[in-house]
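*Asks:* Protein chains in written order, with the working numbering: chain A, 1 to 266; chain B, 1 to 212.
Because the hints were derived from the structure by calculation, they are not lab data. Treat the hints with caution; some may be incorrect.
Said to hold, decoys possible - Under the rule of at most 30 Å between Cα atoms (straight-line distance), these lysine-lysine pairs were calculated in the DSS-like manner:
#1 K80(A) with K207(B)
#2 K134(B) with K13(A)
#3 K102(A) with K134(B)
#4 K20(A) with K51(B)
#5 K13(A) with K129(B)
#6 K51(B) with K102(A)
#7 K13(B) with K102(A)
#8 K90(B) with K13(A)
#9 K20(A) with K190(B)
#10 K80(A) with K161(B)
#11 K80(A) with K51(B)
#12 K87(A) with K102(A)
Unchecked claim - Per the computed footprint, the stretches of chain A lying under chain B, defined by three or more beta-carbons under 8 Å from a beta-carbon of chain B, are:
#13 189-195
#14 201-209
#15 221-233
Source: prediction; values computed, not measured. Glycine included, each C-beta is placed from N, C-alpha and C at the ideal position.
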Amino acid sequence: MIIVGEKINTSRKSIADAVKERDAEFIGEVAQEQAEAGAHYIDVNAGTFLEQEIDSLCWLVEVVQNEVDLPLCLDSPNPKALSEAIKHHKGEAMINSISLEKDRFQALLPVITGQPCCVVALCMAEASMPNTVEERVQVGSNLINKLTEQGFPLEKIYVDPLVQPISVDTRMGAAVLGAIQSIMNDFPGVNTICGLSNISFGLPMRSLINRNFLSLCMKAGLSAAILDPTDKQLMATLLSTDMLLGRDEYCENFIEAYQSGRISML
Amino acid sequence: MSEFKALTDAVMKGDIQTAVAETQSALDAGANVQDILDKGLIVAMDEVGEKFSTGQMFVPQMLRSAKTMQECMKLIKPLFQEGQLTAKGKVVIGTVRQDLHDIGKNLVAMMMEGAGFTITDLGVDVSPKDFTQKAEEVGADIVAMSALLSTTMPAMRETIKALQDAGIRDKVKVMIGGAPVTENFALEIKADAYAPDAGSAVIAAKKLLGIS
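Chain A with its partners taken away, still in its complex shape (with noise of 0.2 Å):
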């Protein structure tokens, strides 16, 4: 599994409050702690600053980048922030996102053809949010082919079946696992992303719903997630689901995030 690190977000007080003091060294930490844990990229998104979002986003960049050897997802709905950023990133970024919008896939597509990076592909279109699994299968391999005739590499793409909360439609789980299931199966090499915490909006007990999707959506062939990798608890079923489902020999993974105190049951 990749896991991609969300905990630098504006839309977080303290990272807001550290975006707009230029700490440094409080991004360097939040960035590091996630390193520690073992996320294999550190998401960037400043996007609640608006007008000041693309500076924002170009000194996070190099923020993290000075404390971290790894790669950034850059998140922002903004194409322009995305070609902004990436020019101030080092090594192969992640670019979140594009999606089948007209206006977002043209002014991304120079940006994620121009240099090597990854990008993730979110399962939207013109009209409307996906609602059943073929919605999102159909805007996936859509994407996918648009990507790829581009000669953008499949194994660079990274769809994200879009995650709707469960409490206002309780068909979004399966929707989701189907979709995940189906686009794995079609484009053999191509990664499925999805960020966990939407599935459990509007209900009580949202970590524990969290936890149970980031299995299922696993079972289903999921290959990356954008969660907080220093929740321990979330870790434990990561890593404990990884492990059985075979993906771990000798269970070495998860007993070595045990014994280093990374994983807990509490």
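Given chain A, work out where chain B should sit, using these hints.
*Replies:* Only chain B this time, still in chain A's reference frame:
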């Protein structure tokens, strides 16, 4: 104790069958339709909204209660004379331009309807022009906007500008909400209220229109 306690309880539980039967028997017994609405249904939805805001009830329960109320409304609505149902105020609601997220907006619309407001839901990707035209057309008291993306939040500012340009800004109250939206942003763009969730939206709407 309200004479409609059984109805109120059924709406709170989301028990459609019982609620519809209670509504029918109240009508058969000659109860006043306005009383059924105010003391039976709206009372229930007010409590649902409050319990939701304080974390004692959850989204699926709220949806179920709202659906139950809608079913009861089907029985009593035809008995109201034209125009009588708009007493609480008219709300034009939608998700702003280039934003397709509708879940939060739908929850707010449903709860406002439950509280007795008359709702015109323009759906998603609603342009400043469409908000303004519809607000003029129906004589809206409130324009409520939702945005789930930081990139679409500026459309809220533009919609307020469009209301100004059309000369109706002083006739409508503007409410905004959505995950990236904040109280500060509401102040900045001179919206009249910000609401973090559907329950709060109802409370804020009532406050804006001076309804207790």
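*Asks:* Against each hint, give a clear statement of whether it holds in the structure.
*Replies:* Now the hints, each set against the structure:
1. K80(A) with K207(B): violated (40 Å)
2. K134(B) with K13(A): violated (37 Å)
3. K102(A) with K134(B): Cα-Cα ~27 Å, so holds.
4. K20(A) with K51(B): violated (36 Å)
5. K13(A) with K129(B): violated (34 Å)
6. K51(B) with K102(A): violated (42 Å)
7. K13(B) with K102(A): Status violated; Cα separation ~44 Å.
8. K90(B) with K13(A): violated (35 Å)
9. K20(A) with K190(B): Between K20(A) and K190(B) the Cα gap is close to 23 Å, so the pair holds against 30 Å.
10. K80(A) with K161(B): holds (25 Å)
11. K80(A) with K51(B): violated (42 Å)
12. K87(A) with K102(A): holds (23 Å)
13. 189-195: The restraint on the stretch 189-195 of chain A is violated, since only 0 of its residues have a Cβ under 8 Å from chain B and three are required.
14. 201-209: holds (count 4)
15. 221-233: violated (count 0)
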